[in-house]
Every structure is written in structure tokens, then in C-alpha cells.
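Asks: This is what each chain is made of:
2 protein chains.
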Amino acid sequence: MAVAKKMIQFMESSSWIRKMFEEGARLKAIHGNENVYDFSLGNPNVPPPPVVNERILEVIQKNVPGMHSYMPNAGLLETRTAVAQYLAQEHDFPLTADWIIATCGAAGALNIILKALLDSGDEVLVPAPYFVEYGFYADNHGGSLKVVPTKSDFTLDLQAIENAIGPETKVLLINSPNNPSGQIYSASSLQQLGAMLNRKGAELGRPVYLVSDEPYRKIVYDGVSVPCILKYYPHSIMATSYSKDLSLPGERIGFAAVNPAADQGKEIMGAMTLANRILGFVNAPALMQRAISSLQGVCVDVGAYARKRDMLVTALKSFGYELINPPGAFYLFPRSPLPDDVDFVKLLQEENILTVPGSGFGGPGYFRIAYCVADETIERSLPGFERAIKKAESMR
Amino acid sequence: MAVAKKMIQFMESSSWIRKMFEEGARLKAIHGNENVYDFSLGNPNVPPPPVVNERILEVIQKNVPGMHSYMPNAGLLETRTAVAQYLAQEHDFPLTADWIIATCGAAGALNIILKALLDSGDEVLVPAPYFVEYGFYADNHGGSLKVVPTKSDFTLDLQAIENAIGPETKVLLINSPNNPSGQIYSASSLQQLGAMLNRKGAELGRPVYLVSDEPYRKIVYDGVSVPCILKYYPHSIMATSYSKDLSLPGERIGFAAVNPAADQGKEIMGAMTLANRILGFVNAPALMQRAISSLQGVCVDVGAYARKRDMLVTALKSFGYELINPPGAFYLFPRSPLPDDVDFVKLLQEENILTVPGSGFGGPGYFRIAYCVADETIERSLPGFERAIKKAESMR
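Chains as they are written, first to last, in the numbering used here: chain C, 816 to 1211; chain S, 816 to 1211.
This is chain C alone, in the form it adopts within the complex (with noise of 0.2 Å):
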């Protein structure tokens, strides 16, 4: 055998999703681009703020003797000291450098984490729906994912996380604002978690490690803010990327942040770096380091993203589809009016509506909509949606 087997069985594993995609560049290639309503992918389309090209040319300009050299792999202090100010004014909350590392993108970040965290057999703990990718990570170092389930509003479930965690339970990693649901935990949910990890740490005399993946922090509506984990709950560690706040998800970048009174917190820093290291990554990449360190707190016009969300979630509201409102991310995930939602994603499919059925995020029965897409595209889909739940409905 040639190729390594688990892989192989992770490409057969996801050979349906990439079914989907042929079946969507298939309908591309007979209707046409502009005749197909691609909802299936979490690429931003709203580009980057004008300041952040402006930013990348002034650091090439400036042409810093260096630039594009090695650096330490938790990367350049000037990086890591913006990040950890504008984190410390921004949620009032103490850090410093030495608890930040620049990271290639939130993916990154989980694959550092996890390699530092994680002996094998460990678990991780994920509330579903969760980002497909969590699978992977986990496995990746040794680990396996253990999924709980979250409250219909897809909040989370204090009482079905307690009852998972045992032995093997090494991380309890949660994403907020949520992919695929859209939903963000309340500081009190976050407050009543963190009381909970405590009082379990306590029973099994260490800390269960709370990763937050939150590279939609900035993708939020209706004024509602996504609390800081790291006042919380001191065992805790933020993973996140500009990949969303500044539409830059080709360009790998992100960063960790470690919470200080993280119990073996130095311990932690340090392994986290040395997997930056050995994961290949070395350093995140140098250019974007130095242009985001001046990019901190800013941001992409997320009123386009709310008026698309608003557009969506009123249309198919009023067309009978059962969704929550998501107060973040751009992703819709509605109840599918089929009872197999791969059923339903073929339905929709037939109106040359690309969506990703739940099952692929652990959330069988939903379906997933990203929303971050052309305007156009939202609105010439609106009567596909309709003929397709009208159809569900008829095959009831």
C-alpha cells in the first residue's frame, strides 16, 4: 500500500461532500456561474478593508533589512505585542506577549494547540454542529473527538458537557460564534461552563483545557458581542485568525492566546511553539505579521453581511423554513423539511441551489447556508427556496 491507509479512508470518508462539489461544478458548467447559487463555501465575499493592502505595501516599502527572514517560530515581538494590547483593552483582561503566538490561520492554531495538549487516546470535547475539521484536528495528535449535543437553539448544554467529561477528556473545544449555526455563547453560559470545568477539574485533579476557536468574533449583528473565554476560565486558550474580520483567509493568518493562569501555562506556551516548529509551519507567515500589526481592531463592513443574513432569514422564514436568527458568522443552518437533510441538499440541488447538508457537521436533520455571497445571488435564489420546501412538503 502506497498511500497511508487512514488516509485513504479519510478521502472515501469524504468523497460525498467532494460529490456535492462535482455535482455543483457539473450544474456551473451547463447553467452557467451566474445560474448556480453557491451557498456551499465559507469564502468571504466581502473584500478586505482598503487599509489592509495599504498596510502590506508600506511594510514592503519600509523594506525592514530582515523582512522576510526566520524569526523566533512563536513569531516577531512587535506581532505579538499588538495582539496582546489590543486583546487587553478590548476585554480589559491582562496580557502580554509573552502569551500570544502568531499562528498560520485559526487552523493553525487548533493544530498547535492540540499537538501540545493532547496524549494518545486523549479526547476532545465538541458541542455539535461543529466545524468538520475538528475530526481531523484531533486526530492528527493522537486524540479522538467526542461530539455533545447543544439546546435546539444550538446553545450550549452545561448538563450534557458535564456528563461526557471522564478520564479521557483533555480539551473541551468550542467555536463562538458558531460554524455552521451561527449562535454565540452569553458571557453567563460561559460563566456557569467555567464554574462547571472547575468543579469537574477539581474531582479529577487536573484541568480539562477549554479551546475557543473564534475567528468569526468579529462577524456579530444587532449589537450583541462575543465574550472573552479567558476571564471565564483560567485553563483556557483562544485560537483565531484575520481570515474573517479582514477577508484574508489565503494568506495564514491568526494567532493563540494562552490565558496566563492556565494551569502548566508556560509549559503549554512553550510545546505550542515547539509544534509551530515541527508541524512544519516554523513561523506564521512574516509579511502578514508585520501588516497586522497595525490592523488591529480593524475590521470588514459586517453591515453587508447583515443585510444579506437579514435578506435570507426573512425570505425563508416567511417561505416556512424553521431557523434561528444566528447573531454571528455568515451561516445559516435551517431545520431541513426533509427528515434526511442530504435529501433535502439534492432537492435544493435541482434548483441549482448549493448548500452543505448538517450530517457533515454533526448536525444530521439541518442543512447549512453560507451567506457570504453576492447579494444577486441571494436574491435569485429566494424562488428555488421556496419551490424546494413547497416540494419537501408535498413528499411529506
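No wet-lab data here; the hints were simulated from the structure.
Where hints are given, some of them may not hold.
If chains are identical, the list can't say which one is meant, so a pair holds when it fits in one copy or spans any two.
[To be verified] DSSO-like, lysine-lysine: derived pairs with alpha carbons at most 27 Å apart:
1. LYS1081 / LYS820
2. LYS877 / LYS1081
3. LYS1206 / LYS1033
4. LYS1081 / LYS843
5. LYS1046 / LYS1206
6. LYS877 / LYS834
7. LYS1015 / LYS820
8. LYS961 / LYS820
9. LYS820 / LYS1205
10. LYS1132 / LYS966
11. LYS1205 / LYS834
12. LYS1015 / LYS821
13. LYS821 / LYS1081
14. LYS961 / LYS1046
15. LYS834 / LYS1081
16. LYS821 / LYS961
Put chain S on the given structure of chain C with help from the hints.
Replies: What follows is chain S alone, placed relative to chain C:
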């Protein structure tokens, strides 16, 4: 236990290297940076050709919509095509974009290759001395290194490799020009290697994959060139970066090329692409991918490195050091004048000269000098190198 046990062990085992760095930092604090001769790091000191920043500026100014967006995990078609065309022309070897993946440097390339190929327990053969990170890379993906000796001039010992190939051998990993020895494997030795691997593959009933790590391919002297491994063995994969030939190590841009004739080559490409995604690289940094598309064949001033090499080799030989005059890379790997290379490196530290013991590269009895430093550093270090070998001789 909070931090993964393996990571604690890795941090402890690398602590002696860290201690050497700390000793270097201590010396610099006492004597001033300019009075400590730091040959410990392979951080290119020859600046990138000016055209590099020009091309980055052009990309930014062109401001193509979606320039910072997600892309296929294998990279931009434009970049992969440019790389394939350049390789095809450089080596007169047919290659298309289908066989190229843009990566987060050579370190990223090696990690996705090993993730794609290794099953738990598989062995990666590596000729010593070798780049110390290889052990981590193999371990990341459930494999382990098996070290085989080279000849006294660090060229390949085919018999030793053949003897070491067994049922667990999945990969032979070579690195030419070599870090730390600077040696290059000749076309004839690669031809013999290919023939031997074909024979062993027939015996085993499956191929041993040949992975060639080539970030120093363009850093060569005296008219020597580095043969292209793809021409000598079908089951071969090239990993490289622009870190050295464009002096961009901090930007994390490189690629992997799979031989179109490799057994299960398409599946390997698929598995590497999936590995790029799930290890958290997702894709090589977008901006640098666009820049390098129009920088194929561009290289730093290798003459500057040649001058440094000649200066140092001539002087060290005149002092009595035993070393080969390496045809590539920017390292010297002299024999340690004391039996224990760590002892001799400490003697050099007494002269404010920082080098790395060969033991760190699977080459005990030698030490590595990274001469990618200012000419002045080399000049001013020479009396210290002379005193150190005299001291060593008086100790024997």
C-alpha cells in the same frame, strides 16, 4: 498531566541545543553582538533580489478581486503551472500543474508528504548527517527515522542503504545539497540509487518512495548543478522552498512535486492535498504564491556565499581543520578536533564563536558552521578558530 508527554520529552531532549543558544545570548549580552561570531543558524544573510519585493508590490497594486481569498488546497493554478513549466524546462522532464502542490515551505511539504505516505510503524530511512527536524516530521505522522551512514565525504553509501531497507521501510529521505554537510549527490549515484530501489521494490512487492528535500538546490558553487531526482526513479517526490534561493524563509513558501510515474501518484497527490488542509496549512500563503509565479528561476547572489565559503574553508584548512570543500548549501561540517564534538563546540564558545555539534545532526565527531553571515563576522572569527584548534591539540 497537562502538556502532551511526547512534547515534554521533545522539549527536554532539545534542551541542550537551547542551552547552547542561551549561552550564545549570554555571550552577546556580555561582549556585544558584534563580538560574538554566530554561525549557529541557517538564516540566509544575503538579501532577496530586489525583484522579489517589486513583484510583491505588483501583486498588491494589481489588486485582483479575491487575491487574499481561499483557493484550492493544492494552490493557485497559475502558480502550480508556473512551477511545473519552470521545472520541466530546467530539467527537460515532462511535468504539469497536476503534479505540483504549493506548500508552507519545504517543512510544510515534507509534513504533507509524510502524512500522505506513512502508516503507523513505517520507517523513514535517512542518510546521516541529516537535518534534525526530520525525526520530528516522521514522528508527527506515526513513523520513525532509521539512520544510515554515508561515506567519509558524506556521499551516499548505497550498500548501507540497501542493507537497511526492510519490510517497514516506506520512504528514503535524502537532502542534496545537504544540511549540514553541504554535499551534493551526483547523477551517477542517483542513477545507481534508483536502480537499487527498483530492485528492492520488486523484492518487497511495493515501492520504497524516494523523497528529496532540496531547498538548497540553487545554492551551489564551482559550476556544479543538482541532478533532478524525478529523472532517476519513478516513485519520487521533490520537496523544496524559496527560503534560500530567494532568501524568503519567513514567508513560508515552497512546493512539492510528485513524479507522474509514481505508483499511486494520483492518490498520493490527493492525500497530500487533503493533508495540506487538515494539518492546518489549508493553502500556502496566497500573496507569496502570486509573487513566486513570476519569480521562477530568480536567485540570490550565490557568489556572495561562494566568497564566504572560500574564505572560511581556506582559513580553516590552513589552521589544520579537516573538512570537505562543500559544493552546495551554506554550511561547513568539519571534523571535531576533540573526540567529543560538544566539548569542541564549547571550546569555540570560549572564543565567542557559536556553532552546532554534529551530534545534533546524527553526525557526532563533527560540528556545523553556518556561514550565511556577514563577511566581517567570518574575518573577525578566524583567530578564534585558530586558537580553538590549538587548544584542542594541546588537550589530546
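Asks: Please list, smallest to largest, the hint numbers that this structure does not respect.
Replies: When the structure is compared with the hints, numbers 2, 3, 5, 6, 9 turn out to be violated.
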